[in-house]
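Q: Once you know that position 3 of the sequence shown is 654 in my numbering, the rest is easy, because the numbers rise by one and skip nothing.
These are calculated hints, taken from the structure and not from any lab test.
What you are looking at is a predicted structure, and each value in this text was computed from that prediction instead of being measured.
Just so it is clear, CB atoms sit at the ideal spot from N, CA and C, and this is done for glycine as well.
One or more hints might be untrue.
[Stated by the list, open to error] Have a look at the derived ranges for each label pair, beta carbon to beta carbon:
| id | residue 1 | residue 2 | range |
| --- | --- | --- | --- |
| 1 | N739 | F798 | 20 to 30 Å |
| 2 | P722 | T794 | 32 to 42 Å |
| 3 | F695 | T794 | 41 to 51 Å |
| 4 | E713 | V800 | 22 to 32 Å |
| 5 | Y676 | D731 | 23 to 33 Å |
| 6 | L684 | A728 | 19 to 29 Å |
| 7 | E742 | R795 | 23 to 33 Å |
| 8 | A752 | M726 | 13 to 23 Å |
| 9 | Q793 | P765 | 16 to 26 Å |
| 10 | F677 | S755 | 24 to 34 Å |
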Amino acid sequence: MATSHARVFYIELTARRRNLAPVRYFESYTTKLDTVEFTHYIEFYPSGELKGFQTTQSDKNEITSGYAYYPSGIMQARNDGDRHIEENWDEKGAKEVECFAPNSDIQKITRWYPNGQKKEEAELLNTQRNGKWFQWDSLGHQTRKEFYVNGKLKK
652 MATSHARVFY
662 IELTARRRNL
672 APVRYFESYT
682 TKLDTVEFTH
692 YIEFYPSGEL
702 KGFQTTQSDK
712 NEITSGYAYY
722 PSGIMQARND
732 GDRHIEENWD
742 EKGAKEVECF
752 APNSDIQKIT
762 RWYPNGQKKE
772 EAELLNTQRN
782 GKWFQWDSLG
792 HQTRKEFYVN
802 GKLKK
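Could you put together the complete structure from these sequences and hints?
A: So this is what it looks like as structure tokens:
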């Protein structure tokens with residue numbers, strides 16, 4: 652069960668105009684689950700809107716989850732370290748890219764056009780093309796279908 656520590660702090664900056672209360676830009680706190688400690692960071696825009704937050708596993712300094720938002724409140728990015736997924740959206744809320752990395756060597760990337768049509772599917776091994784590499788135009792017609800092994804195109 653997670654228990655919240657009393658260590659909570661705020662960094663407050665003075666407002667740019669007179670007679671305004673200080674604006675909170677950042678806060679952090681820790682929680683503990685059994686013997687594992689997590690640190691949570693929350694960031695705000697000057698307007699006070701949520702900019703993003705992330706959780707790190709303190710002993711490994713690894714991000715276990717993180718979210719970022721545009722000033723409008725629309726989600727900009729999500730990082731789910733437990734499921735090894737990173738996602739990004741444009742300012743209108745259309746998904747742009749998803750990256751699945753089950754370990755540090757393998758990545759599966761999918762990209763979309765602003766209209767929601769799939770743009771590309773790719774697989775990487777140690778940052779080199781490995782596996783399928785497919786691309787489509789904005790109308791959904793496939794323009795590329797290639798397969799790679801260790802960065803080399805297979806015919």
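Q: If a hint holds in the structure, say so; if it doesn't, say that too.
A: Checked hints:
The beta-carbon spacing between N739 and F798, approximately 26 Å, falls within the hinted interval of 20 to 30 Å. For P722 and T794, the hinted distance range of 32 to 42 Å is satisfied, since their beta carbons lie about 35 Å from each other. At roughly 42 Å, the beta carbons of F695 and T794 sit within the given window of 41 to 51 Å. For the pair E713 and V800, the beta carbons lie near 31 Å from each other, so the given range of 22 to 32 Å is met.
Taking the beta carbon of each, Y676 and D731 are about 25 Å apart, inside 23 to 33 Å as hinted. Taking 19 to 29 Å as the suggested C-beta distance range, the pair L684 and A728 conforms, at roughly 25 Å. One distance hint, 23 to 33 Å for the beta-carbon pair E742 and R795, holds here, with the actual separation near 28 Å. At about 20 Å, the beta-carbon gap between A752 and M726 stays in the expected band of 13 to 23 Å.
For the pair Q793 and P765, the beta carbons lie near 19 Å from each other, so the given range of 16 to 26 Å is met. One distance hint, 24 to 34 Å for the beta-carbon pair F677 and S755, holds here, with the actual separation near 29 Å.
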